[in-house]
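Visitor: Note that the protein sequences, when read in sequence, are chains V and G. Residue 74, in this note's numbering, is where the first sequence stops; the numbers in between run on with no holes. Residue 1229, in this note's numbering, is where the second sequence stops; the numbers in between run on with no holes.
Rather than coming from a laboratory, the hints here were simulated on the basis of the structure. Any given hint might turn out to be false.
Claimed, not checked - Capping the alpha-carbon separation at 25 Å, the derived lysine to any residue pairs in SDA-like fashion look like this:
| hint | chain 1 | residue 1 | chain 2 | residue 2 |
| --- | --- | --- | --- | --- |
| 1 | G | LYS1124 | V | ARG9 |
| 2 | G | LYS1137 | G | ASP1217 |
| 3 | G | LYS1080 | V | ARG74 |
| 4 | G | LYS1080 | V | GLY44 |
| 5 | G | LYS1175 | V | THR13 |
| 6 | G | LYS1124 | V | VAL16 |
| 7 | G | LYS1137 | G | ALA1102 |
| 8 | G | LYS1080 | G | PRO1119 |
| 9 | G | LYS1137 | G | PRO1119 |
| 10 | G | LYS1175 | V | ARG74 |
| 11 | G | LYS1080 | V | GLY43 |
So you can see what is in the structure, the chains are spelled out below.
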Amino acid sequence: MRTRRHLTRAQLTVIVNGVVCFVLVLVVLQLWLLTATMNAFLGGDSAVVWPALAASGACLLLNLGLLRYLSSTR
Amino acid sequence: MPDGPPRGDGSRPGPAPAHGGGASIDARVDEWSRRGLTGTARSDLYGPTRDPEDISRPPDPEDELAPPRWREDFPIDWSKDEFVARRDFARFLVLTSGAFVAGQGWIAARQLLRRNRPPPPRQKVATLSELPVGGVKDFSYPAERNRCLLVRLAEQELVAFSQSCTHLSCAVVPKVDEGVFLCPCHAGYFDLRTGTVLAGPPPRPLPRILLEIEGDDVIAIGVEERMVG
């Protein structure tokens, strides 16, 4: 039977900080995607709209997964 | 009534408290030497001085072993402390991430609407005889709210652009002598001949109105939105 490894408080702190930083980077990436897509859309270039939506959705899914992991490390 | 001189014990008689409800002023706070530092705040704003040992602490073993010195100066109960935990911050970030995806979805929906939009109409906007070389005429195209500028650069050379600045949609002003369109809101400059950005904050060139000349008539046939000039 698989048992959960007990993590020390210091280890948990590093993990939580790392996850929060990763989520922050993904959100900044999404912000850049949104502004670049809006600029392209208003400039008449619609080729990037759907790939950007897919990439932003993937970032959201990754963020949700990280948040779930974060909730499980209490 | 003027205040009297300070007493020997540091306090001084003063007028009755002006606060409603007859609230008394804590003598420790209302001491003469503290006037100007704390004002005459109601005494119930200040809790009684508590023993640091009575303050609840975060469940941190290091804090139990060696409490930081600032805790003596700021004895705040752990339960009353307002803070944002990292997990709460992460939740907020994920919520923001969802909002960005919603924004991308909105752009995609607009793209679908744009794809189904009918092509812009052919519309007569001016005649050559009414517009001298160097002259400017404003018109609406393709809808009434879309203001545009037509400029006659040479005998057979006409250009037309949307009048809305690509920065924040202020109306651009033609400066034919200088060869530019000027957006007066944030000093954005566009080339009069091509509509490309010369200076300022606009991120894209002005949308170009495609023109045809049929005899004496100048006819708008479409709008070209551009990322680069």
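Visitor: Looking at the structure, which of the earlier hints fail to hold?
Guide: 1, 4, 5, 6, 7, 8, 10, 11
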